[in-house]
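Using the sequences provided together with the hints, build the complete structure.
Taken in sequence, the protein lines are chains X and D.
Going by our numbering, the first residue of the first sequence is number 1, and it counts up by one from there.
Going by our numbering, the first residue of the second sequence is number 1001, and it counts up by one from there.
Since the hints were derived computationally from the structure, they do not count as laboratory data.
Just so you know, not all the hints are guaranteed correct.
With a cut-off of at most 25 Å between alpha-carbon atoms, the simulated DMTMM-like pairs for lysine to aspartate or glutamate come out as follows [what the hints assert, rightly or not]:
(1) D/Lys1055 x X/Asp139
(2) X/Lys125 x D/Glu1012
(3) X/Lys122 x X/Glu47
(4) X/Lys122 x D/Glu1076
(5) D/Lys1066 x X/Glu117
(6) X/Lys122 x D/Asp1025
(7) D/Lys1066 x D/Asp1025
(8) D/Lys1055 x X/Asp112
(9) D/Lys1066 x D/Glu1012
(10) X/Lys122 x X/Asp73
(11) X/Lys122 x D/Glu1013
(12) X/Lys122 x X/Asp108
(13) X/Lys125 x D/Asp1025
(14) D/Lys1055 x X/Glu134
(15) D/Lys1066 x D/Asp1047
(16) D/Lys1055 x X/Glu88
(17) X/Lys49 x X/Asp102
Here are the chains, one letter per residue:
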Amino acid sequence: MSDVRLLAAPFDPAEELRAFTAAHIVAGGIVSFLGQVREGGGVEALELKHYDPLTLPAMQDLAVRVRDRWVLDGLLVIHRSGVMAVGEPIVLVAAAARHRRDAFAAADFAMDHLKSESWFWKREKVAGEWRWIEPRAQDFEDIGRW
Amino acid sequence: MAARLVFLGRLEELAGSGGADFALDAPLDWTALVARLSDEYSPELADLISSDRVKVALNGALVADKQGIMLSNGDEIAFLPPVSGG
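Structure representation (structure tokens):
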């Protein structure tokens, strides 16, 4: 089964990965991706807004598509919403599989689709002022790979 | 009678809040809704909401053709600009 969560409060990626790994002892390989609020450009904080009726259901649909496409023992998708400080985790994806290539591809696919299609709106705070981030062309190019 | 408006992303800034109650005397079609948003918020907000880039969800479900929307008492309509990723 997939574990898909939308969190309003900080989470501990190391603990999540430890628990996920322990729960999937039959998997030979686990690939994970962690996205965090990066330092630079004077960014003081990042805020992600979501829309309850759409955001988590779409993440769950994405998990189903990933599971249909690759043979996995487990899939973990955790995404933050709300205000995050520099260095705080934003997203954690982990795929557990018998064979590593399925795990790499599943995690990569899940991240590309989370970045370009999921229902989040992002703004960052620079020098005390919030400004909205527009979609990046790179995110659409990434999704074109699939 | 009222409906609920939800503004996401940059639309929240233009609207001045993320959500608002919206008085309705009778069901409103899309053209009438955009006209009222233009009057009560701003023409800029109404133009953005009319553009193809902004999607609409009615009562939590994405609408394929927003021109066909009829907004009624108790509905929640959300205006969704392009998403900017996690």
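Verification of the hints:
With a C-alpha separation of about 19 Å, the suggested pairing of D/Lys1055 with X/Asp139 holds against the 25 Å cut-off. The hinted pair formed by X/Lys125 and D/Glu1012 meets the criterion: a straight-line CA distance of about 16 Å does not exceed 25 Å. As the CA atoms of X/Lys122 and X/Glu47 are separated by approximately 6 Å, the hinted pair is consistent with the 25 Å bound. Distance check on the hinted pair: X/Lys122 and D/Glu1076 sit about 22 Å apart at the alpha-carbon level, within 25 Å; holds.
Restraint check: the Cα-Cα separation between D/Lys1066 and X/Glu117 comes to about 20 Å, which is no more than 25 Å; the hinted pair holds. Straight-line distance between C-alpha atoms of X/Lys122 and D/Asp1025 comes to about 35 Å, which puts the hinted pair past the 25 Å bound. Simply put, D/Lys1066 and D/Asp1025 have alpha-carbon atoms about 21 Å apart, close enough for the 25 Å limit, and the pair holds. Pair hint D/Lys1055 plus X/Asp112 holds up; C-alpha atoms about 21 Å apart against a cutoff of 25 Å.
With a CA separation close to 19 Å, the supplied pair D/Lys1066 and D/Glu1012 stays within the 25 Å bound. Distance restraint check for X/Lys122 and X/Asp73: the Cα-Cα separation of roughly 32 Å exceeds the 25 Å cut-off, and the hinted pair is therefore not satisfied. For the hint pairing X/Lys122 with D/Glu1013, the CA-to-CA distance comes to about 13 Å; that is within 25 Å, so the pair holds. The straight-line distance between the Cα atoms of X/Lys122 and X/Asp108 is roughly 21 Å, inside the 25 Å bound, and the hint therefore holds.
At roughly 40 Å between alpha-carbon atoms, X/Lys125 and D/Asp1025 are farther apart than 25 Å, so this suggested pair is violated. Between D/Lys1055 and X/Glu134, the direct Cα distance comes to roughly 15 Å. Compliance with the 25 Å bound is thereby established for this hinted pair. About 14 Å separates the Cα atoms of D/Lys1066 and D/Asp1047, which keeps this hinted pair within 25 Å; it holds. At roughly 30 Å between alpha-carbon atoms, D/Lys1055 and X/Glu88 are farther apart than 25 Å, so this suggested pair is violated.
For the proposed pair X/Lys49 and X/Asp102, the alpha carbon gap of about 31 Å is over 25 Å, so the pair is violated.
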